[in-house]
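Undergrad: Using the sequences and the accompanying hints, generate a full structural model.
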Amino acid sequence: MERTLTDVMLRRERVTSASGGEPVVHCEALVTETTSAPEFIDITEDVERIVADSGAGSGQATVFSGHTTAAIKVNENEPLLLQDLARIISQIAPVHGEYEHNDFSRRTVNMDEEECANGHAHCQHLFLSTSETIPIIDGRLALGQWQRIFLVELDRPRQRRVLVNVVGVR
Amino acid sequence: MERTLTDVMLRRERVTSASGGEPVVHCEALVTETTSAPEFIDITEDVERIVADSGAGSGQATVFSGHTTAAIKVNENEPLLLQDLARIISQIAPVHGEYEHNDFSRRTVNMDEEECANGHAHCQHLFLSTSETIPIIDGRLALGQWQRIFLVELDRPRQRRVLVNVVGVR
Amino acid sequence: MERTLTDVMLRRERVTSASGGEPVVHCEALVTETTSAPEFIDITEDVERIVADSGAGSGQATVFSGHTTAAIKVNENEPLLLQDLARIISQIAPVHGEYEHNDFSRRTVNMDEEECANGHAHCQHLFLSTSETIPIIDGRLALGQWQRIFLVELDRPRQRRVLVNVVGVR
Numbered sequence: 020m021e022r023t024l025t026d027v028m029l030r031r032e033r034v035t036s037a038s039g040g041e042p043v044v045h046c047e048a049l050v051t052e053t054t055s056a057p058e059f060i061d062i063t064e065d066v067e068r069i070v071a072d073s074g075a076g077s078g079q080a081t082v083f084s085g086h087t088t089a090a091i092k093v094n095e096n097e098p099l100l101l102q103d104l105a106r107i108i109s110q111i112a113p114v115h116g117e118y119e120h121n122d123f124s125r126r127t128v129n130m131d132e133e134e135c136a137n138g139h140a141h142c143q144h145l146f147l148s149t150s151e152t153i154p155i156i157d158g159r160l161a162l163g164q165w166q167r168i169f170l171v172e173l174d175r176p177r178q179r180r181v182l183v184n185v186v187g188v189r
Numbered sequence: 020m021e022r023t024l025t026d027v028m029l030r031r032e033r034v035t036s037a038s039g040g041e042p043v044v045h046c047e048a049l050v051t052e053t054t055s056a057p058e059f060i061d062i063t064e065d066v067e068r069i070v071a072d073s074g075a076g077s078g079q080a081t082v083f084s085g086h087t088t089a090a091i092k093v094n095e096n097e098p099l100l101l102q103d104l105a106r107i108i109s110q111i112a113p114v115h116g117e118y119e120h121n122d123f124s125r126r127t128v129n130m131d132e133e134e135c136a137n138g139h140a141h142c143q144h145l146f147l148s149t150s151e152t153i154p155i156i157d158g159r160l161a162l163g164q165w166q167r168i169f170l171v172e173l174d175r176p177r178q179r180r181v182l183v184n185v186v187g188v189r
Numbered sequence: 020m021e022r023t024l025t026d027v028m029l030r031r032e033r034v035t036s037a038s039g040g041e042p043v044v045h046c047e048a049l050v051t052e053t054t055s056a057p058e059f060i061d062i063t064e065d066v067e068r069i070v071a072d073s074g075a076g077s078g079q080a081t082v083f084s085g086h087t088t089a090a091i092k093v094n095e096n097e098p099l100l101l102q103d104l105a106r107i108i109s110q111i112a113p114v115h116g117e118y119e120h121n122d123f124s125r126r127t128v129n130m131d132e133e134e135c136a137n138g139h140a141h142c143q144h145l146f147l148s149t150s151e152t153i154p155i156i157d158g159r160l161a162l163g164q165w166q167r168i169f170l171v172e173l174d175r176p177r178q179r180r181v182l183v184n185v186v187g188v189r
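Quick mapping for you: the protein sequence lines, in order, are chains A, B and C.
Just so you know, my numbering puts 49 at position 30 of the first sequence, and the rest follows in order with no gaps.
Just so you know, my numbering puts 142 at position 123 of the second sequence, and the rest follows in order with no gaps.
Just so you know, my numbering puts 169 at position 150 of the third sequence, and the rest follows in order with no gaps.
No wet-lab data here; the hints were simulated from the structure.
Please note: incorrect hints may appear among the correct ones.
Quick list of simulated restraints, FRET-style, between CB atoms [stated by the list, open to error]:
1. B:E134 with C:E133: 25 to 35 Å
2. B:E134 with C:A136: 16 to 26 Å
3. B:G116 with A:Q102: 25 to 35 Å
4. C:R126 with B:E41: 29 to 39 Å
5. B:A136 with C:A136: 16 to 26 Å
6. B:R175 with C:R68: 32 to 42 Å
7. B:D131 with C:E133: 40 to 50 Å
Source: prediction; values computed, not measured.
Every residue gets a Cβ at the ideal spot worked out from N, C-alpha and C, and that includes glycine.
TA: Here is the structure:
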């Protein structure tokens with residue numbers, strides 16, 4: 020079968036199929052204190068443990084950041100690479116750039132007692148993801164060889180809360 | 020337990036767990052006429068209402084844009100910040116930049132009667148998301164304090180259709 | 020009902036609702052050999068076929084790349100546009116740029132026998148998605164008129180594996 024643009028062939032492989040199983044919905048939070056920005060916190064093992072405890076044999080896990088200045092990303096956990104990623108993120112929207120959101124003389128909306136100038140963190144978040152959804156096969160995350168799940172802190176160090184929401188069947 | 024890169028501790032908190040409940044799948048569309056670009060339309064309350072009417076106590080809602088030049092994003096609804104985000108989006112792929120997609124003298128594929136030069140909107144969309152998936156806890160979207168769901172218009176004003184697809188248990 | 024920023028009206032349309040149906044979870048892999056980078060491989064028809072064979076009448080399909088240097092994106096399949104998208108991707112993180120990840124004199128982690136200098140591909144992936152989740156309505160992907168699903172190769176040609184994970188009800 021021909022593919023557009025390139026004559027790439029695609030081969031289908033059956034992985035798993037469960038029909039009529041007992042539905043499972045299971046949600047836990049991961050709470051952490053971040054220490055800098057941009058910071059990559061590898062939460063893969065913790066997510067894997069929650070998936071195992073959920074009792075779901077197949078389905079999916081959505082890893083969701085409850086924050087507008089902390090993101091979820093899947094990439095490789097290689098320390099030099101994480102330096103590259105941090106540099107690229109900081110270039111898109113530099114911490115010392117000009118942001119209307121940081122103009123507290125004009126801003127009236129969502130002004131918090133601890134409000135900090137964090138326009139750069141919101142703008143960096145625009146290009147990243149609030150969540151990632153990962154298939155569950157045989158009760159485990161179906162991650163590829165190099166894939167790790169990161170919470171990415173973009174703002175100043177603070178407490179962060181990530182939801183791990185499993186939807187599937189036993 | 021030590022984390023890579025930083026010695027961040029992660030604490031687990033049980034949120035909700037439902038096993039054996041009655042499965043719920045519920046889908047509605049939100050239809051709107053946009054007015055400019057980039058434009059951020061806050062659809063959070065409408066999505067929240069659909070989730071409430073779905074009857075799902077837990078599970079997740081996927082908010083899906085049916086368009087290649089309108090995106091879904093979760094961020095803060097602060098008017099000055101939305102100006103920052105609009106500026107950043109316009110810088111990635113400027114409306115008056117050069118795009119092969121706009122060369123109607125050479126283009127033969129997907130030529131519509133109302134075809135407009137919108138290469139910039141497709142290129143901006145490359146960095147944004149077609150959908151966002153949000154956990155449902157106790158029949159409500161589990162959004163953090165500042166999180167709001169936006170339909171982001173990148174192209175000329177027109178009718179747009181967003182699907183809100185709930186998958187969970189009663 | 021008024022919307023923030025613009026007085027946009029949103030109209031709700033019921034699409035589908037299934038309660039108490041038999042749960043379906045179905046997962047297949049699509050395996051392919053890519054040929055260049057950046058390369059867009061349109062996998063829409065193959066995903067559509069897997070959804071049809073899953074037996075799910077409603078729910079959702081998550082299309083998941085098992086790789087840190089190959090992404091999933093939904094956009095239009097117009098050949099000139101794909102040239103624009105490839106150019107923009109190559110500009111974010113150029114193949115001949117400087118990446119710490121490529122410094123094999125210092126790097127000690129995740130060194131593979133076939134290790135290649137691919138820092139650019141990881142950095143490009145930061146802005147793209149590992150997965151996309153698409154609603155299923157009446158047993159079919161609920162894609163808009165111009166939406167096509169692409170596997171995007173960012174690294175050298177190689178074998179790639181995409182999971183299509185359906186969660187829904189019969």
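Undergrad: Please go over all the hints and tell whether each is borne out by the structure.
TA: Hints and how they fare:
1. B:E134 with C:E133: 25 to 35 Å: For C:E133 against B:E134, whose Cβ atoms are near 45 Å apart, the range 25 to 35 Å is violated.
2. B:E134 with C:A136: 16 to 26 Å: 41 Å, violated
3. B:G116 with A:Q102: 25 to 35 Å: 31 Å, holds
4. C:R126 with B:E41: 29 to 39 Å: Between C:R126 and B:E41, where Cβ atoms are some 52 Å apart, the hint is violated.
5. B:A136 with C:A136: 16 to 26 Å: At roughly 37 Å between Cβ atoms, C:A136 and B:A136 fall outside 16 to 26 Å, so the hint is violated.
6. B:R175 with C:R68: 32 to 42 Å: Cβ of B:R175 to Cβ of C:R68: about 35 Å, so the range 32 to 42 Å holds.
7. B:D131 with C:E133: 40 to 50 Å: At roughly 45 Å between Cβ atoms, C:E133 and B:D131 fall inside 40 to 50 Å, so the hint holds.
In terms of the numbered hints stated before, the structure departs from hints 1, 2, 4, 5, listed from lowest to highest.
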